[in-house]
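K.L.:
Listed below, chain by chain, are the residues.
Number of protein chains: 2
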Amino acid sequence: MARTTGSHSDITGPRIRDAALRLFARHGYAAVSMRQIAGEVGVQAGALYNYIPDKQSLLVELMRDHMVELLEAVPVDRSDPPLAQLEAFVRFHIGFHHARPDAVFIAYMELRNLEPGNFAEIEELRGRYEAVLERILRDGAGAGVFDVPDPKIATLAVIAMLTGVTTWFRAEGRLSLGDVQDQYWDMVRKSVMA
Amino acid sequence: MARTTGSHSDITGPRIRDAALRLFARHGYAAVSMRQIAGEVGVQAGALYNYIPDKQSLLVELMRDHMVELLEAVPVDRSDPPLAQLEAFVRFHIGFHHARPDAVFIAYMELRNLEPGNFAEIEELRGRYEAVLERILRDGAGAGVFDVPDPKIATLAVIAMLTGVTTWFRAEGRLSLGDVQDQYWDMVRKSVMA
DNA sequence: CTTGGGTTTGAATGGGTGTTCAGTTAAATC
DNA sequence: GATTTAACTGAACACCCATTCAAACCCAAG
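If you read the sequences in order, they're chains A and B.
Numbering-wise, this note's numbering comes out as the position in the first sequence, counting from 1, plus 47.
Numbering-wise, this note's numbering comes out as the position in the second sequence, counting from 1, plus 47.
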């Protein structure tokens, strides 16, 4: 067990993931080479393979980590009324995604670069997240609070709308994150209300 | 001027564009090689260069054609009341995009693979399309029909929501295109109404 | 039936790809 | 101070990349 304090492995590992996240988001998985990632970390390409088995695994790991983090953070309190649950979801989605634009970008854009098995895994996680919102809408519709003929469609519509925020919102811009959350919550609320 | 009837150039040209559109949408611009495109057309890679100057131009052309077609097809009748204009826009957007899933995918996903000048050109076209919706919302808000604190945000929210349809809608599925248009129109209408 | 030219081939150019691995470096332990 | 070993280098491997171009092909026109 030599070399624990001075070891770099606990530094280089995360740095590789950070660099890959940024580069994949900026240029796309296929357009980024292992040499570029290594360059950002300040290491030769060969060294990356002490930390990851291959390029594809690096992508899957980034996407899985993002989705798992998302699922763990999403607020679900089934004792709250549906409207309150929906508001919590909307504000959470915007806030969470805004804090991780690169991960969001990758999770939505690089699905087609996943090998079939990996694709299925990530899609399953995404499905679980969508199910959270769908359940809220279904409960609210059942209680007569919401008017959504097809909760599945409404779920996809709302998530698409909310996720779009990451493509244009910048904290330095005209509006604060709170402003954006307020206005989106207003639109979502009205769009599903009975 | 020999060889007009037996010429292939009026066949091969479009076939290259078709193949590139499908392949770029499926695998991404960076992941598709000129050899793959040529293979789909049934020709050697070198032959592509009789029709396009380079790979990047092929991408730009596909994106520009899509955006120009979109801008020419979008219904704008300023004599209609804002609500009717909005409904026409919503139904048009869903219908038009549904008919060209590959072009939509490329136009939204491959922006980062454009060189700066080309990027600016495509963004300008996209801006013009967004301006159509923004104007409708602004007019309606001015007339007191709509309640949208920030028409710019509402524009982006609505477009993101509508464009999301292409990622999941399949004509063979549970719902018809008309069903989807109806429900989306219902949600959009409610979300912006005063 | 030859000619001219639009069209395509097939090879070559120079460079980049992901991945492997023997060898070197340097820090922690004994 | 010697030994161990995690961490990394640098070169090599086999292959793919976009693009160019002289040569071959093929067919309408004359």
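Simulated from the structure, these hints should not be mistaken for laboratory data.
One should not assume that every hint holds.
Heads up, the list lumps identical chains together, so a pair's fine if it works in one copy or across two of them.
To be verified - Once the Cα atoms are required to be at most 16 angstroms apart in a straight line, the calculated EDC-like pairs of lysine to aspartate or glutamate come out as: (1) K237 x D194; (2) K237 x D57; (3) K199 x D229.
The structure displayed is predicted, hence computed values, not measured ones.
K.L.:
Hint by hint, say whether it matches the structure.
P.N.:
Hints versus structure:
1. K237 x D194: So K237 and D194 pass the 16 angstroms test inside a copy (10 angstroms) and across (11 angstroms) alike.
2. K237 x D57: neither (48 angstroms within a copy, 52 angstroms between copies)
3. K199 x D229: Result: close only across copies, 15 angstroms inter versus 24 angstroms intra.
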